[in-house]
Amino acid sequence: MAHARTSQPVLTARAAGLLGCRVCGRANPGDAHHCARCGGALSGPSGLQGVLAWLFAGLVVYIPANTYPMLRTSLLGHTTESTILGGAIDLAHHGSWGVAAIVFVASILIPVAKFAVIGYLALAVHRGWPLQGRTRFHLYEAVEFIGRWSMIDVFVVAILAALVRFNLAASIAPGIAAISFALSVVFTMLAALSFDPRLIWRAADKDTA
Amino acid sequence: MSDADDTPRLPDPAEMEITPGRPSFWRNLSPVWLVPVLAVAVSVGIAWRSYAERGTLITIAFENAAGVSAGETEIRYRDVSIGVAESVAFTADLSQVIVSARIDNTAAEALSSEAQFWVVRPQVSAQGISGLNTVLSGVYIEAALNPDAQPDGSRSFVGQDRAPLLMPGRRGTLITLHAPDGNRLTPGAPVLFRGVQVGQIEEPRLLPGAEGVAVDAFIEAPHDQRLSTAARFWDTSGFSVSLNTSGLRLSVGNLASILTGGIAFDSVGTDGEAISRETVFELYSDEDTARAASTSVVAPDRLRIAAEFDGSVQGLTSGAVVRYRGVRVGEVAGIAARQVDMGPAPLVRMQAVLSLDPAAFGLREATTPEQLENYLETLVASGLRARLAAQGVFSTSLVVELVEVENADPDRILHPEDGPSVIPSAPSDLSDLTTSAQGLIRRVTDLPIEQVLDQAVSLMEAAETLLADESTRAAPGAVVALVDDIGALVGSDQMQALPGEVQSTVAEFRAILQDFQQQRAIETLVDTMTSVQTLTANVDAATTEVPALISEIRRVVGRVGDLDAEGLVTAATELMQTTDEFLGLEGTRSLPPALTRALDEVQAALAELRQSGIVEGVNQTLTSARSAADSIATATQDLPALAERLNALVTQAEGLVAAYGARSPVNEEALATLREARDAARAFAQLARTLERSPNSILFGR
Chain A
1 MAHARTSQPV LTARAAGLLG CRVCGRANPG DAHHCARCGG ALSGPSGLQG
51 VLAWLFAGLV VYIPANTYPM LRTSLLGHTT ESTILGGAID LAHHGSWGVA
101 AIVFVASILI PVAKFAVIGY LALAVHRGWP LQGRTRFHLY EAVEFIGRWS
151 MIDVFVVAIL AALVRFNLAA SIAPGIAAIS FALSVVFTML AALSFDPRLI
201 WRAADKDTA
Chain B
1001 MSDADDTPRL PDPAEMEITP GRPSFWRNLS PVWLVPVLAV AVSVGIAWRS
1051 YAERGTLITI AFENAAGVSA GETEIRYRDV SIGVAESVAF TADLSQVIVS
1101 ARIDNTAAEA LSSEAQFWVV RPQVSAQGIS GLNTVLSGVY IEAALNPDAQ
1151 PDGSRSFVGQ DRAPLLMPGR RGTLITLHAP DGNRLTPGAP VLFRGVQVGQ
1201 IEEPRLLPGA EGVAVDAFIE APHDQRLSTA ARFWDTSGFS VSLNTSGLRL
1251 SVGNLASILT GGIAFDSVGT DGEAISRETV FELYSDEDTA RAASTSVVAP
1301 DRLRIAAEFD GSVQGLTSGA VVRYRGVRVG EVAGIAARQV DMGPAPLVRM
1351 QAVLSLDPAA FGLREATTPE QLENYLETLV ASGLRARLAA QGVFSTSLVV
1401 ELVEVENADP DRILHPEDGP SVIPSAPSDL SDLTTSAQGL IRRVTDLPIE
1451 QVLDQAVSLM EAAETLLADE STRAAPGAVV ALVDDIGALV GSDQMQALPG
1501 EVQSTVAEFR AILQDFQQQR AIETLVDTMT SVQTLTANVD AATTEVPALI
1551 SEIRRVVGRV GDLDAEGLVT AATELMQTTD EFLGLEGTRS LPPALTRALD
1601 EVQAALAELR QSGIVEGVNQ TLTSARSAAD SIATATQDLP ALAERLNALV
1651 TQAEGLVAAY GARSPVNEEA LATLREARDA ARAFAQLART LERSPNSILF
1701 GR
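Going down the list, the protein sequences come from chains A and B.
Sequential numbering of the first sequence, starting at 1, is according to our numbering.
Sequential numbering of the second sequence, starting at 1001, is according to our numbering.
Note that these hints are calculated values from the structure, not bench results.
Glycine included, C-beta positions come from ideal geometry on N, C-alpha and C.
No false leads were mixed into what you were given.
Each pair of labels, with its calculated beta carbon distance range:
1) Ser1050/B x Gly25/A: 46 to 56 Å
2) Leu76/A x Asp1161/B: 22 to 32 Å
3) Ser1069/B x Ser96/A: 15 to 25 Å
4) Ala113/A x Arg1121/B: 45 to 55 Å
5) Ala113/A x Ser1137/B: 37 to 47 Å
In isolation and in its complexed conformation, chain A is listed as follows (with noise of 0.2 Å):
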């Protein structure tokens, strides 16, 4: 560890047995199950279970959003269905270099990497790799922040569902996949919610110590 502005180790609140509320802030002795002045819930870092179930419930329900199809495009009774990955190579090869990035980065490139960075982190955690907890922490928020924005492609979905009705003309419905895609999205949000970011000070701390 790099950082030494301090050569005397600070007590932490663990170390001290106590237990920060995390609404009010307020800490409560370790064995309080309440906060003395909210009343929050008082509870330590939960572990990585709720993280690692998520992850591989999103990691379930990403393989059929990528199987099957994601649109089903009827253009004047021409029914054709296209999932993500196809999505994106049709768009490459009629030219549309620029969307076909976005939907590939979008759909593929960040769940992939939020499924890599979520795994990372927990198992980083759980066996206590080596790493700076502060770029941990980079990596924890940057998670935490592009997951809002990854339901581009339901919302795309979903808007054009809405949009196209043209009966015999044209219509577009969503498959399958976007559901499954957008239930994947949700719980790779959840797992990364459910990420208590104290472990990874706590695995920081165990490593400076």
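Knowing the structure of chain A, use the given hints to seat chain B on it.
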């Protein structure tokens, strides 16, 4: 972090690191794990459903799969999608297109081998426009399943080119119609019963042996109950106009029939029997024919047998009569050419397929074609042959005769594998007939008609010239005048007296002859007779000169009587020539003037005679002549005796000469003279008789 740090501080930190014995794995499990479990369950459920619902793979083989694309072309049944084509590929030999499709399991369970598939495309036909929706949506494959059929797990099918007219599972009766041609038989054309569509026809197909077409017609239930052997089918396509004693009649079918053709049927009488699937009906060209037909059912027990002919069958048509001993036993069902020899130079013979009615042979009606064929086998063994014959003397149409040829080479009925049995044929005598007819025509053509006409024309011209000649025209008048003169002359007293004078002359003649007789002047008599004979011969020659033309004509007529066309014409030509020449002769030309002149002269002579009193002189002469004639008459009476005597004399002379023993020239001459004398006597007797009968014949010839 260390607990060994003994900094005296309150409160004491708890033993945080101590965890009491790890609880069991399940106790420690967070309920949040239910979420991934559910997600897995749902995913697996979706996957399973997809797998279970992806349907059964079937393959359909098409000749042409235009518009079918993998993953898009739907399979529809009753216009509801039951699946999608999964792949479009070729068979290994590229002969067909194999469309693999996934169809719903419920539909797949009902699949039987009767199921039919075809590609629906936009189609414009006389019946209307169909498949228009496929213009936008692309083609789809329509399936026709028979709900009644027992599912047999068929998964491979052969696609149809077009929608089947007979949808599987439709109730009705399929019948077969025979027609001479398929001109107006459009697939899908309606079958009408009293103007109501009760079914439709399928595509006509050719019958083996080219004896027409067969077309299947599907009569929907319950209308098929109206079918019986009493049903008559006819073609209603278009309209017909007929004009007969009952007036002008225009019959028009319904509009669809006009456009697409169609057939109608009706029951004639009520005594029809139920039909079977094998019943085949005849399709008549119009309603009247159909109603007049004794039966519409094509006899199932008819024997189809072929006869092959080497030569031309020109004139033989489908429907021509087949005769056996002059009785119609069937008709020609079709004519085709067939290669009978597979050698280097293929031999092609003309084959007529005969449709024979066993009943017409006098066999029992129940006789099957096989039995008739066996019967024919025995007949063929005894010389029965098929032969072409002319329908009539003046007809160029041919019929087929089954004749018993005497001393025929043994033969038998052939049974080729690819067609009807073949009955041996005998060469027909049509070729000879044709040859002789051709010869006749050639001879007629070769007749010198023009020459004859030329001759006739020149004859006419000569005759015209002759007739136009004034002297010719004058001749009749001169003749009339002459006849008048003669009449006057004959009517004169002197002429009336003439016979008597003549008689007296004859009497005198007789006296002279008596004198002759008395003087026994045989030599003189002989001389006289000779001159008389010469005279007679001259008269004869004179009389026979003109009749030469007549005899010529008679000869010609006789040859005409021979009925020899050529000879007739030749003779006619000769006649014409002869006549022409005759008329063209200077003598002939000058005949009328000469005749006229002669007649004039005679007339003048007669007039002179009458006027100049010469008649009296003649009378006198005749008087003396009469006495002479009397003598002649006497002599004539004696002539036979004289001839007898002469005969005897000749005989005696002959005997005398024979007695001399040698035929010297003198004797021969004497004998000849004697024979001549005899002949002359005979001729003189004849002349005398003639003179007795008609005295004036000496003047006018006979």
